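Input sequences plus hints: build the corresponding full structure.
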Amino acid sequence: MKGLVNFIKTFNYKDLIKGAAVTFKHQFKKTVTVQYPKERLEPFPRFRGRLTLLKDEQGEDKCVCCMACVRICPTQVIEIKPGKKEGRKTRYPVEYNFNMDRCIFCGLCVESCNFDAIELNNEYELAMYSRKDFFFDKEKMYVPTPKVEYKK
Amino acid sequence: MFKREIVELNMGPQHPSTHGVLRLKLKLDGETIVDLEPEIGYLHRGVEKLAENFNYLQALTLTDRLDYIAAVSNNLGYIETLEKLGGVEVPKKAQYFRVLLTELNRIASHLLWLATHALDIGAMTVFLYAFREREMILDMFEMYTGGRLLTTTFRYGGLKEDIPEGFDKKVKEFIKIFPSRMEDYEDLLTENRIWKKRTINVGVISAEDAINLGLSGPILRGSGVPYDIRKVEPYEAYGEFDWEVAVEEGCDTYARYKVRLKEMRESLKIVEQALEGMPEGDFRAKVPKTLKLPKGEVYHSIEAPKGELGYYLISDGKGTGPYRLKVRGPSFVNLQGLKPMCKGHMVADVVAIIGTLDVVLGEIDR
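Protein chains in written order, with the working numbering: chain B, 1 to 152; chain C, 1 to 366.
What the hints contain is simulated information worked out from the structure, not anything from laboratory work. All values derive from a computational prediction rather than experimental measurement. Careful: at least some of the hints might be erroneous.
[To be verified] DSSO-like cross-link-like pairs, simulated, lysine-lysine; straight-line CA separation at most 27 Å: (1) C:176 with B:25; (2) B:14 with C:262; (3) C:93 with C:170; (4) C:93 with B:89; (5) C:170 with B:9.
[Stated by the list, open to error] Computed list of chain B residues with no C-beta within reach of chain C, every gap over 10 Å: (6) 16; (7) 82; (8) 87; (9) 144.
[What the hints assert, rightly or not] A short, non-exhaustive set of chain C residues, derived as facing chain B with CB atoms under 10 Å: (10) 50; (11) 64; (12) 300.
Where is the CB? At the ideal position from N, CA and C, for every residue including glycine.
Laid out in structure tokens, this is it:
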């Protein structure tokens with residue numbers, strides 16, 4: 001009798017069939033994965049990507065060198081050299097250096113900025129081939145990183 | 001003819017199932033574990049010391065990096081500690097939203113635990129399914145804060161930004177989908193005979209031992225102690241929601257599995273209530289731009305997904321940053337339970353027991 005009970009217990013595959021039913025059901029569902037280099041997901045508007053400088057409507061620097069972002073940055077990756085020029089009341093950044101390899105993308109610099117002069121854009125493919133490429137000077141800060149297109 | 005010998009074996013720090021850089025010194029008698037000692041410190045970054053050189057807002061970014069699976073909970077604990085010392089009243093809307101995000105984070109943390117724990121024991125399907133649902137929560141974090149893993153979510157006195165449009169729709173969609181997905185995991189694991197054989201009576205720790213070792217969170221509740229800080233000392237708006245503390249009497253890995261599954265369901269209940277009852281109004285109290293706290297010491301603890309997370313903060317009243325910040329991390333204390341749980345078990349069970357402790361090395365080493 002005991003042997004029979006054990007026999008039934010061993011070959012009662014109810015639990016395993018239940019699990020297999022779940023995986024079987026999933027065969028007919030839509031796939032959730034994205035074929036990455038060919039398709040890319042678009043981040044949400046608040047996504048914290050690469051730091052970029054912004055210009056106003058006249059094409060002037062919005063930055064007035066208040067140094068709030070320099071002071072708040074936990075990893076000290078921003079460096080500003082302020083200067084004066086004619087026809088502009090406020091100071092403007094002669095140099096705005098940003099060292100991305102140490103940036104932690106916390107967004108505190110953007111939060112501290114009272115002039116909406118900087119933002120973290122929606123770029124997420126930020127790997128580089130060389131350490132030098134992580135260094136952004138003022139010219140590079142305005143332009144988005146060129147996107148690499150992959151073909152078959 | 002043959003001599004019995006105790007063999008010393010190093011497990012980790014690069015072992016795939018030690019969840020990070022945990023190194024275990026095992027003493028083995030054949031396959032049985034006689035003694036065990038965890039070696040930690042491979043991921044030490046000096047977070048507590050770094051915090052002394054930062055101001056209060058900058059130190060928030062460090063708390064993200066403690067338990068990086070549950071960054072929102074870490075942020076909440078730290079910000080609440082500051083608020084306790086500063087004596088700031090947080091608006092109701094911010095409180096509700098904080099609860100909502102932390103509970104979503106709890107689900108995400110438990111999903112990652114479920115995925116990796118099942119993967120360690122050999123059930124790969126659950127891993128893929130659980131990550132699919134975790135992705136939905138990470139999307140919500142990205143939508144609100146901009147970060148997916150390291151969120152830097154809350155601010156002193158409330159929230160950083162207002163809730164974006166379409167956020168509630170995303171949460172509602174998740175609430176609709178998630179219960180059926182939970183059933184899928186349960187179908188795959190709960191009654192599965194291999195799962196039961198690998199987890200029942202493995203890693204047993206009695207309620208008395210668990211309390212003496214200072215264990216907290218799902219491990220303590222898996223031993224039948226209904227201790228949850230959200231119920232015992234309600235912070236934020238937890239007192240206003242209808243939910244239960246998940247407790248199981250089994251004391252073993254299987255019981256802790258059930259506790260965490262139940263906790264995910266309860267968290268979903270809280271999320272639903274918080275979203276429905278979200279009040280209108282300000283999302284941040286009126287606070288000065290540069291934060292300065294009065295002189296004093298404060299300890300505050302919250303219920304993080306892994307257990308009791310406490311922050312001990314000393315302010316000298318002069319600087320704009322913490323004079324000293326001590327973190328009482330749940331994973332660090334819970335790791336002490338590893339030795340009594342593992343003794344007498346096989347080497348293969350150590351993997352299951354590390355999984356059930358749900359340790360994150362970023363927080364242990366700090």
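Quick rundown of the hints versus the structure:
At most 27 Å may separate the alpha-carbon atoms for a hinted pair to count; residue 176 of chain C and residue 25 of chain B meet this at roughly 19 Å. With a CA separation close to 23 Å, the supplied pair residue 14 of chain B and residue 262 of chain C stays within the 27 Å bound. A C-alpha spacing of about 18 Å is found between residue 93 of chain C and residue 170 of chain C, which places the hinted pair at or below 27 Å, so the restraint holds. For the hint linking residue 93 of chain C to residue 89 of chain B, the alpha-carbon distance of about 41 Å lies beyond 27 Å, and the restraint is violated.
At most 27 Å may separate the alpha-carbon atoms for a hinted pair to count; residue 170 of chain C and residue 9 of chain B exceed this at roughly 44 Å. Some Cβ of chain C comes within 10 Å of the Cβ of residue 16 of chain B; the nearest lies about 7 Å off, and the non-interface call is violated. The beta carbon of residue 82 of chain B sits about 21 Å from the closest Cβ of chain C, which is more than 10 Å, so the claim that it is off the interface holds. For residue 87 of chain B, the non-interface assignment is confirmed: its Cβ lies about 31 Å from the closest Cβ of chain C, beyond the 10 Å cut-off.
Its beta-carbon lying about 17 Å from the closest one in chain C, residue 144 of chain B satisfies the requirement of being farther than 10 Å from that chain. Taking 10 Å as the C-beta contact cut-off toward chain B, the hint placing residue 50 of chain C at the interface holds, the least distance being around 9 Å. Checking residue 64 of chain C against chain B by beta carbon gives a least distance of about 8 Å; that is within 10 Å, so the hint holds. The closest approach between the C-beta of residue 300 of chain C and any C-beta of chain B is roughly 22 Å, which is over the 10 Å cut-off, so the hint fails.
Consistency with the previously given hints fails for numbers 4, 5, 6, 12, ordered from lowest to highest.
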